[in-house]
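S.K.: Below, each chain spelled out in residue letters.
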Amino acid sequence: DQQVKQNSPSLSVQEGRISILNCDYTNSMFDYFLWYKKYPAEGPTFLISISSIKDKNEDGRFTVFLNKSAKHLSLHIVPSQPGDSAVYFCAASRVVGAQKLVFGQGTRLTINP
Amino acid sequence: GAGVSQSPSNKVTEKGKDVELRCDPISGHTALYWYRQRLGQGLEFLIYFQGNSAPDKSGLPSDRFSAERTGESVSTLTIQRTQQEDSAVYLCASSFWGRGRVGELFFGEGSRLTVL
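Keeping their order, the protein sequence lines are chains A and B. With this note's numbering, the residue at position 36 of the first sequence is 36, and numbering never jumps. With this note's numbering, the residue at position 106 of the second sequence is 106, and numbering never jumps.
With the rest of the complex left out, here is chain B:
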């Protein structure tokens, strides 16, 4: 498809388990972002990738969270030893860096994570 694709759309896991969330950005988009939205909260920045530059990890809430990106394509967000407070919708977005409207991110539909 032409949009940002995320999988799984829903994930229920037990506390203490590891989870992986996947994002396929729009082809040709150089920038990729992960945000999360906890219930009743706004979108919280997690991490940002731009080309071959070192990622901006300033939003990762703890060392249990990590993310990787293969070139300018797929990204995986990994949460180790999940906790109940990790329950949220995890949103991936991509954009052209330096092209298009400033700040226009294209979001996927999100992966809803529930930690029991």
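For reference, chain A alone in the conformation it holds in the complex:
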């Protein structure tokens, strides 16, 4: 049972344009959502998060949007830079209890110069 889904395995975007990565979840008990970024041969690193009490969180070039009714979140990167090329994982959790994150399958983002 895939509770967190990223339906696009890959995405290619031109440098300077907006990158939009999408994620869907099925478990309505999730109340905290995160994006992690992973470069080859490295572990994932935390990028940005959002609580279910918000619908938007912004950090520099990165913005995460949450649509609770649709059980959907997205990550926007504006403007996209070559260094953003990586695999992006969406993750969900419950704030209360163990911080046990449930991850999606990942989306490989390639930024073309």
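There's no promise every hint is true.
Sample of chain A residues lacking proximity to chain B, with all beta carbon distances greater than 12 Å (derived) [stated by the list, open to error]:
id	residue
1	58
2	78
3	110
Heads up, simulated SDA-like pairs for lysine to any residue below, C-alpha to C-alpha not over 20 Å straight-line [unchecked claim]:
id	chain 1	residue 1	chain 2	residue 2
4	A	37	B	39
5	B	11	B	89
6	A	100	B	42
7	A	54	B	39
8	A	54	B	103
9	A	37	B	5
10	A	100	B	104
11	A	37	B	109
Note that these hints are calculated values from the structure, not bench results. Note that CB positions come from ideal geometry on N, CA and C, so glycine has one too.
Given chain A, work out where chain B should sit, using these hints.
M.R.: For chain B alone, coordinates are given in the frame of chain A:
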């Protein structure tokens, strides 16, 4: 070093052999997690340790898998009688429990296991 350290970085073994994977978390981190990533898949939760509490083993796929943690330091993930479907990158992560950003785990670089 200051980060999560995992060893070995690569392990090739024959089907049926036992393997041990080691994780040194960031000093002072009370929580430690094991995840695995099979080819083309997302990160799959295996087990979670928090202080002296009983570990959450709900993600272990079979009784061939076990893990131990010594206090709030080193953890070892053991896979007995390895099967080809165990081939994956095994990732360890640690975090402060109740401090820092919620859900921010610090991952190691992973141990790549290949079962022939």
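S.K.: Compare the structure with each hint and give your call.
M.R.: Now the hints, each set against the structure:
The claim that residue 58 of chain A is not at the interface with chain B holds, since no C-beta of that chain comes within 12 Å of its own (minimum 15 Å). Taking the minimum C-beta to C-beta distance to chain B, about 22 Å, the non-interface status of residue 78 of chain A holds against the 12 Å cut. For residue 110 of chain A, the requirement that its beta carbon stay farther than 12 Å from each beta carbon of chain B is met, with the minimum near 17 Å. Of the supplied pair hints, the one linking residue 37 of chain A and residue 39 of chain B holds, its CA atoms being roughly 17 Å apart against a limit of 20 Å.
As the CA atoms of residue 11 of chain B and residue 89 of chain B are separated by approximately 10 Å, the hinted pair is consistent with the 20 Å bound. Restraint check for residue 100 of chain A and residue 42 of chain B: the C-alpha separation of about 14 Å stays at or below 20 Å, so the hint holds. Simply put, residue 54 of chain A and residue 39 of chain B have alpha-carbon atoms about 34 Å apart, too far for the 20 Å limit, and the pair is violated. Under the criterion of a C-alpha separation no larger than 20 Å, the hint pairing residue 54 of chain A with residue 103 of chain B is consistent with the structure, at around 16 Å.
Straight-line distance between C-alpha atoms of residue 37 of chain A and residue 5 of chain B comes to about 19 Å, which keeps the hinted pair within the 20 Å bound. With a CA separation close to 10 Å, the supplied pair residue 100 of chain A and residue 104 of chain B stays within the 20 Å bound. Under the criterion of a C-alpha separation no larger than 20 Å, the hint pairing residue 37 of chain A with residue 109 of chain B is consistent with the structure, at around 13 Å.
Hint check: a violation occurs at hint 7 only; the rest are consistent with the structure.
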